[in-house]
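Engineer: As given, the protein sequences belong to chains A and B, one line each in that order.
Note that the working numbering numbers the first sequence so that position 8 is 8, with each residue one more than the last.
To convert, count from 1 in the second sequence and add 1000; that's the working numbering.
In short, the hints are calculated from the structure, not lab data.
Check the hints yourself; a few may be wrong.
As the list claims (entries may be wrong) - Here are the simulated lysine-lysine pairs, DSSO-like style, with alpha carbons at most 30 Å apart:
id : chain 1 : residue 1 : chain 2 : residue 2
1  : A       : LYS210    : B       : LYS1134
2  : B       : LYS1045   : A       : LYS210
3  : B       : LYS1151   : A       : LYS210
4  : B       : LYS1151   : B       : LYS1045
Predicted model only: the values in this text are computed from it and were never measured.
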Amino acid sequence: MQDVFNQFDLVLKAFWLTIQLFLLSGVCSLLLGVLLAGMRVGPVSVLRGAAAVYVTVIRNTPLLMIFIFVFVAAPRLDVNFDFLTKGVIALTIYTSAFVCEAIRSGINSVPLGQAEAARSIGLTFIGSMREVILPQAFRATMPPLASVLIALLKNTSVGAAFGLLEATARMRFFTNNNADDRMLIFLTFAAGYVVLVELLSFGASRLERKWRVAVR
Amino acid sequence: MTQSEQESGASATSMTLEPLIVLDGVNKWFGDLHVLRDINLTVGKGEVVVVIGPSGSGKSTLCRAINRLETIDQGSITLDGRALPQEGKALAALRAEVGMVFQSFNLFSHKTILENVTLGPIKVRGRSRVEAEKRGRALLDRVGVAHQADKYPAQLSGGQQQRVAIARALAMEPKAMLFDEPTSALDPEMIKEVLDVMVDLAERGMTMIVVTHEMGFARTAGNRVVFMADGAIVEENTPAQFFTNPESDRAKDFLGKILKH
């Protein structure tokens, strides 16, 4: 355990990479997920179909396989980036499908009359999405979206198997070198994840409450 | 007024007014159900047309088809000489020209009353916020809810919400207004405040198509009554003529049912 505390900067650095992976792929997943959800409820049937196929394929594929694809298969096809970018791409591909479905369920919870009223004052499809539907959908989406983001935060650990020195990878190094303290080292890192997830759920529930007050 | 004078008066309104909304041979099916049957209807500028009929007669569908919230299968609908566009920006631009008031108000529940009224002018018409808010407050004042401007829709009564919905539609400076059973979801004591706003609007010369069960409104503000049954227009006449002396059996039957109590 001495080893861990002597090199605590390494622990912090590893968690910082976890946070970077989470924030970058979180933002990208939200953007791509909103786009996909927009396609799925939009008026263009080709886009509707494409988004539905994407969601079906990705949601039914294990995250590990997507990592293998991005880190092993894609470079063979001359599609290659640095490690962090590849991690963000893999996590984004996977998470955006879940974000899409969370937002789509939120969109479906907005009464049809809201969309009709938006269209009847002359807003276009994109305008009514941006001004009327999505702001209300996000409110209903917050609880399922929080679950998706929590899953994403923990899914960053898959990167450990692909040369990303984030928290889980660093933990493995420490446990390998300090076999006697395995349990304590594990608990230390687990506590780190718990703190991060708790911060995330706290933020989500604050947003949820704030938005709920705004309607009443 | 004699009967013949009333009749000539009715035909004169629809003849001399410049046509604004023209429905020509409109048909629509929901699956096997024929909801609109060969609808021909011309609404002149400044005219107030009241559409009545039993539920399921297609009157709401007719109203919604005019700003293409419902698509039609046959026929044509033109507004001010232009055919309704299919989709996209052109359709959005046309919808901005036609105000719509719904049975269930449909105010944007995440926006304040003032924001409800300014959203269209700012985002669709490109007005400045200051200008839109000034006009928005004036409209809210006109419908009698100016003091509620900063509240959210859920904090208002049904009658107040519906008046805001009318102000929201007026804020777009529409050429015509469509009302789809605007008082049907209201408590009786709130119906009058909404009808008062609508009568005022009619007196100011707004072109209106009003689907309603309010016979009082039809008599005071309507220029013409269109009676629908089973998806077809069965009878058209002046309100006075229609209510006192309906021609068709369907209309007699309908009026008999609603006016006897």
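Engineer: For LYS210 (chain A) and LYS1134 (chain B), compute the direct alpha-carbon distance and say whether it is at most 30 Å.
Structural biologist: Answer holds: LYS210 (chain A) to LYS1134 (chain B) is near 29 Å, not above 30 Å.
Engineer: Mind checking the alpha carbons of LYS1151 (chain B) and LYS210 (chain A) for me, to see if they're no more than 30 Å apart?
Structural biologist: Holds: LYS1151 (chain B) and LYS210 (chain A) sit about 16 Å apart, inside 30 Å.
Engineer: Regarding the pair LYS1151 (chain B) and LYS1045 (chain B), is the alpha-carbon distance no greater than 30 Å?
Structural biologist: It is violated: about 35 Å lies between the C-alpha atoms, which goes past 30 Å.
Engineer: Please verify whether LYS1045 (chain B) and LYS210 (chain A) have alpha carbons no more than 30 Å apart.
Structural biologist: Cα-Cα ~47 Å, so violated.
In summary, the structure is inconsistent with hints 2 and 4 from the numbered list given earlier, while agreeing with the others.
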